[in-house]
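These are the residues of each chain, in order.
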Amino acid sequence: MKYMLLMYGSDRIDAPPIDTWDPAEIKAHIQFMHDFNKKLVAEGEFVDAQGLSGEAMVVRATAGDLPEVTDGPFPEAKELLAGWWVIDVDSRDRAIEVAAGASVAPGPGGAPLHLPIEVRPFAGPPPADA
Amino acid sequence: MTETIEDLLRTEAPQVLGALLRRYDDFAAAEDAVQDALIAAAEQWPRDGMPDYPRGWLIQVASRRMLDHLRSEQARRRREEQHPHEPSPEVPDQDDTLVLLFMCCHPALKPTAAIALTLRAVGGLTTAEIAAAYLIPEGTMAQRITRAKLKIKDSGVPFRLPTPAERESRLVAVLHVLYLIFNEGYTSSAGPDLQRHDLSAEAIRLTRALHAVLPDDPEVAGLLALMLLTDARRDARTGEAGELIPLTDQDRTRWDQAQIAEGVDLITATLPRGPLGQYQVQAAINAVHDEAATADETDWPQLLALYGVLRGMTDNPMVALNHAVAFAMVHGPAAALDLLTTLAADKRIANHHRLHAVRAHLLEMAGDNTAAAEAYRIAAGRTASVPENRYLTLRGARLNQHP
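For the protein sequence lines, the chains are A and C, in the order given.
The opening residue of the first sequence carries number 1 in our numbering; numbering runs sequentially from there.
The opening residue of the second sequence carries number 1 in our numbering; numbering runs sequentially from there.
Next comes chain C alone, as it looks inside the complex (with noise of 0.2 angstroms):
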């Protein structure tokens, strides 16, 4: 019952807040206005029962702070005049989310500034959930959201969609905050693993609710079910000791299938309508993955043309070093050793570990078993990341006792 409320007052939070934009042009107050009334809602519905139209009477109580801080800001200017009562701002017929996820994930905030104001007006979490998910003090993080609010006073967003002009750019900038969001929450091997899990399925839920105002945009569609099969995997990503199980060695009963079904289904009604974009095509790739009932069955020649198309999209290092490893799986690893040598003039990534990881693997692939344990000491010294460090660290190992 409880999680029933709790789930309907964030599902609600942000048309409340429409509502009161509608009416009154602050965003900082409407959004704390709002908090309030979602506080007070958590406390009172499960004691006294839940209203008869639970939207209206957020509103309501809404717009009440709402009132008395106007009330109270009008006191602090000294005017004479009272208030007139104004009733109500009217319960909207139509979704805000995508207003608001425009409004808070504006190009004039910076991604932390972003991400910690959408989860609060739009995600309707308490600054000390976000906090803690975040692994900051909540003192910090209140006042993160403070300056995202007064960013975006300062910068008069207007409370409507973008012009048609801005939109395209507009909703890459929220497609990329709700993946920042998702990725906090799935690469994260340390910590309170369960709030942090909740994060990947805030960002499931907001991108969610942002496919539903925007069923036929495809990249949209392209994100939710990029999110839906490669969070499918998380519980068999990781060990018992929190180590990386990377994914050839990943024990596929344990991925959700009722989720890859999802993924699956959508990405498959999605790529053919087009346009096609970066996340439609990376959900394709990890559907292929998913599908696989074992890593030896992966469809390798259909990523290699799937990473193709990607290259073609994006000039990230990155990508063309996933194409190595797929055409690795294709054409062996002479050919894609070569495609390294090539990728390792480019100074964006020539540094970086997983270059090297990648270098290892192809050359522990080619029987060079001495010049991969060297490759894998290499990428090990260079990743910031502890389990990544350990599982080089260990391929590496391994090779140097069968050299």
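Pulled out of the complex, with its shape left as it was, chain A reads as follows (with noise of 0.2 angstroms):
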């Protein structure tokens, strides 16, 4: 079954903006995600992943011509999805099991950023009739 693992930048996170970061911090972070997807390809679960820039705008049709097209994310957001992946496992508990594998993704000194990942999974077909 297929599962979206959400991943959001937080207030929640208890570490500076990544911009701030060392740049070998960040290098390690970004090998650290890299080496994350190469074993879910290998374990035969990858189905797709995104990284997304921090760029957000809100479009809202409107009575008028032009959509309205605000700056986003939503103002009273509090987190920024920053990416996701997909994946297809045998089980709710694997798919645990590989979000809480990203969400100890390295930050400032080396040290698990504990990221919240949210776990979706895709709205199945229908059961089968009769």
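Be aware that one or more of the hints could be misleading.
Unchecked claim - Distance condition first, Cα-Cα at most 25 angstroms in a straight line; then the derived DMTMM-like pairs of lysine to aspartate or glutamate:
| hint | chain 1 | residue 1 | chain 2 | residue 2 |
| --- | --- | --- | --- | --- |
| 1 | C | K110 | C | E364 |
| 2 | C | K151 | A | D35 |
| 3 | A | K38 | C | D32 |
| 4 | A | K2 | C | D198 |
| 5 | A | K38 | C | D154 |
| 6 | A | K39 | C | E138 |
| 7 | A | K2 | A | E118 |
| 8 | C | K151 | A | E97 |
| 9 | A | K39 | A | E25 |
| 10 | C | K151 | A | D90 |
| 11 | A | K2 | C | E138 |
| 12 | C | K151 | C | D315 |
| 13 | C | K347 | A | D93 |
| 14 | A | K2 | C | E184 |
| 15 | A | K39 | C | D68 |
| 16 | C | K110 | A | E97 |
| 17 | C | K153 | C | D68 |
| 18 | A | K2 | A | E68 |
| 19 | A | K2 | A | E25 |
| 20 | C | K151 | C | E166 |
What the hints assert, rightly or not - Beta-carbon label-pair distances, calculated as ranges:
| hint | chain 1 | residue 1 | chain 2 | residue 2 | range |
| --- | --- | --- | --- | --- | --- |
| 21 | A | P121 | C | P215 | 35 to 43 angstroms |
| 22 | A | V58 | C | V172 | 51 to 59 angstroms |
| 23 | C | N351 | A | G110 | 37 to 45 angstroms |
| 24 | A | E97 | C | T342 | 31 to 39 angstroms |
| 25 | C | S155 | A | K39 | 41 to 49 angstroms |
| 26 | A | K39 | C | D251 | 42 to 50 angstroms |
| 27 | C | E240 | A | A100 | 38 to 46 angstroms |
| 28 | A | K39 | C | R76 | 21 to 29 angstroms |
Stated by the list, open to error - Away from chain A, derived, C-beta distances all over 10 angstroms, residues of chain C:
| hint | residue |
| --- | --- |
| 29 | L8 |
| 30 | D32 |
| 31 | R147 |
| 32 | D154 |
| 33 | D217 |
| 34 | P272 |
| 35 | E291 |
Keep in mind that the hints were calculated from the coordinates and are not lab data.
In this text, a Cβ means the ideal position worked out from N, Cα and C, and glycines have one as well.
From these two lone chains plus the hints, build me the complex, please.
What follows is the structure, given as structure tokens:
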């Protein structure tokens, strides 16, 4: 079954913004994510992974000709979606295990960031009838 | 013509692999060699014409690949001696489908791995085809298959049939994998339908092949009948926008009557032979539905009896739920709602959307539209299926219009 793992940049992360880290720490973080994805491919579980830029717009159609475009994310949002994985695994437990693995990506000083990872099962097909 | 070659290749795939495995004790390499031979045949035969003896041709090409592999392995190990020229393995006169199914559906493998390996080694599908069917990247599927083969190697699963003591439980595992492949294709409502339809067709083809080697096994026949009788309704099951159409509302003229006839004949011939098993009973249930020309003509007392038999075989709460539906159709909704109250104490199903969906149906039958609409709303909120969510939401909304 497929799951989407959503990674957020968040106030809840106890670390300074990544652009203030030591370049070696940033490299270690990137290497971790690279290895993490490679491991998922090797396990036969990787479907997709993408990072998102911090640039966000909120678009909303209005009564006028042009949609309203405001700088995003939504002003009330405390968390910014930073990227996602899609994995195809045998169980919910395994999805949680993978998410926990991503959560410990290293931050400053190589300490785990304990990122909050949202785990969402894909909407599946309807069950067979009868 | 091309289709004929492809069909032939896929039928031959397990036989060629079996021939190699009888000589070489390396499942992973043999399986790769067979894939190479299949690909070579798919390229060469349409151009150069079919060989006189296709299976012999495939075995020869696959063995050559296998020997190349063994030689390079040897070179890698810096052994000095030359690998002797080995004659090609003999063309087997027995069907290897069964022993390969047992290998690929070994309980040491997780379901996703067993499914992938079965489709490739027994089904003769390419990695790319399997990846497309399951909507995952080819590289991921290749790794999944490689790991499955390693696991088989590490577990030391021999190329032979399981011992009589293990046989039954191992056959259960094989049937389960085939059932999962079928269900993936049958229940899919999104994605590239054509490819996923192929999964059901492939599951039916493989189960047919298994039935051909084990014609007297009643559960194999039961599973094949179940697939045929379920698949016969496929086209009527979803509307133009992919919306779910429940059995009672389906246009029964769109059911595949030839497939129904085949399934009914098969299950009718199988049931009296015994011993009875779950797939046979499920096939019988589907046969009863398929034989009703209209929903009103459904033989509910018969279905109630069959669900009663099925309940005696499994404590699966979904079966108990379906039993309650049949009970309502025979004895009315009030008594069935009491059954649901008992079922709701079962933690495995208490929060499941289907319990609430059935409750909603029964309340609607009983004329309590307000409570039914509420139950539909709860059920819609709990299903992970988009088409089912839409269906349940619509049902509830209709009742809210006429409380």
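For each hint, the structure was consulted:
For the proposed pair K110 (chain C) and E364 (chain C), the alpha carbon gap of about 42 angstroms is over 25 angstroms, so the pair is violated. As the CA atoms of K151 (chain C) and D35 (chain A) are separated by approximately 23 angstroms, the hinted pair is consistent with the 25 angstroms bound. The straight-line distance between the Cα atoms of K38 (chain A) and D32 (chain C) is roughly 23 angstroms, inside the 25 angstroms bound, and the hint therefore holds. A threshold of 25 angstroms between alpha carbons decides the hint, and for K2 (chain A) with D198 (chain C) the separation of about 20 angstroms falls inside it, so the pair holds.
Of the supplied pair hints, the one linking K38 (chain A) and D154 (chain C) holds, its CA atoms being roughly 23 angstroms apart against a limit of 25 angstroms. Of the pairs offered as hints, the one joining K39 (chain A) and E138 (chain C) holds, with about 15 angstroms between alpha carbons and a cut-off of 25 angstroms not exceeded. Restraint check: the Cα-Cα separation between K2 (chain A) and E118 (chain A) comes to about 14 angstroms, which is no more than 25 angstroms; the hinted pair holds. As the CA atoms of K151 (chain C) and E97 (chain A) are separated by approximately 21 angstroms, the hinted pair is consistent with the 25 angstroms bound.
Under the criterion of a C-alpha separation no larger than 25 angstroms, the hint pairing K39 (chain A) with E25 (chain A) is consistent with the structure, at around 21 angstroms. Pair hint K151 (chain C) plus D90 (chain A) holds up; C-alpha atoms about 16 angstroms apart against a cutoff of 25 angstroms. Under the criterion of a C-alpha separation no larger than 25 angstroms, the hint pairing K2 (chain A) with E138 (chain C) is consistent with the structure, at around 16 angstroms. A distance of roughly 32 angstroms separates the Cα atoms of K151 (chain C) and D315 (chain C); the hinted pair therefore is violated under the 25 angstroms criterion.
Between K347 (chain C) and D93 (chain A), the direct Cα distance comes to roughly 19 angstroms. Compliance with the 25 angstroms bound is thereby established for this hinted pair. The suggested pairing of K2 (chain A) with E184 (chain C) holds, with an alpha-carbon distance near 13 angstroms, which does not exceed 25 angstroms. Distance check on the hinted pair: K39 (chain A) and D68 (chain C) sit about 30 angstroms apart at the alpha-carbon level, beyond 25 angstroms; violated. For the suggested pair K110 (chain C) and E97 (chain A), the alpha carbons sit about 16 angstroms apart, so the restraint of at most 25 angstroms is met.
Proximity of K153 (chain C) to D68 (chain C) is assessed by CA-CA distance (about 20 angstroms); at most 25 angstroms being required, the pair is judged to hold. Between K2 (chain A) and E68 (chain A) the alpha-carbon distance is near 34 angstroms, which puts this suggested pair outside the 25 angstroms criterion. Between K2 (chain A) and E25 (chain A), the direct Cα distance comes to roughly 32 angstroms. Violation of the 25 angstroms bound is thereby established for this hinted pair. Our distance criterion of 25 angstroms between C-alpha atoms is met by K151 (chain C) and E166 (chain C), whose separation comes to about 19 angstroms.
A hinted range of 35 to 43 angstroms holds for the C-beta pair P121 (chain A) and P215 (chain C), which are about 40 angstroms apart. Checking the proposed 51 to 59 angstroms range against V58 (chain A) and V172 (chain C) shows it holds: the Cβ atoms sit about 53 angstroms from each other. Checked against the hint of 37 to 45 angstroms, the pair N351 (chain C) and G110 (chain A) passes, with Cβ atoms roughly 42 angstroms apart. A C-beta distance of roughly 36 angstroms is found between E97 (chain A) and T342 (chain C), which places it inside the suggested range of 31 to 39 angstroms.
The hint said 41 to 49 angstroms for the Cβ distance between S155 (chain C) and K39 (chain A), and at roughly 22 angstroms that hint is violated. Under the hint 42 to 50 angstroms, the C-beta atoms of K39 (chain A) and D251 (chain C), about 49 angstroms apart, fit the expected range. In this structure, E240 (chain C) and A100 (chain A) meet the distance hint of 38 to 46 angstroms, their C-beta atoms being roughly 43 angstroms apart. About 26 angstroms separates the C-beta atoms of K39 (chain A) and R76 (chain C), a value consistent with the hinted range of 21 to 29 angstroms.
Every C-beta of chain A lies more than 10 angstroms from that of L8 (chain C), the closest at about 30 angstroms, which supports listing it as non-interface. Once the 10 angstroms rule is applied to beta carbons, D32 (chain C) is consistent with being away from chain A; the minimum gap is 16 angstroms. R147 (chain C), annotated as away from the interface, has a beta carbon of chain A within 10 angstroms; the closest lies near 6 angstroms. No beta-carbon of chain A comes within 10 angstroms of the beta-carbon of D154 (chain C); the shortest separation is about 16 angstroms.
Every C-beta of chain A lies more than 10 angstroms from that of D217 (chain C), the closest at about 23 angstroms, which supports listing it as non-interface. No Cβ of chain A approaches the Cβ of P272 (chain C) within 10 angstroms, the least distance being about 22 angstroms, so the stated non-interface status holds. Its beta-carbon lying about 13 angstroms from the closest one in chain A, E291 (chain C) satisfies the requirement of being farther than 10 angstroms from that chain.
Hint compliance for this structure: hints 1, 12, 15, 18, 19, 25, 31 are broken, all remaining hints hold.
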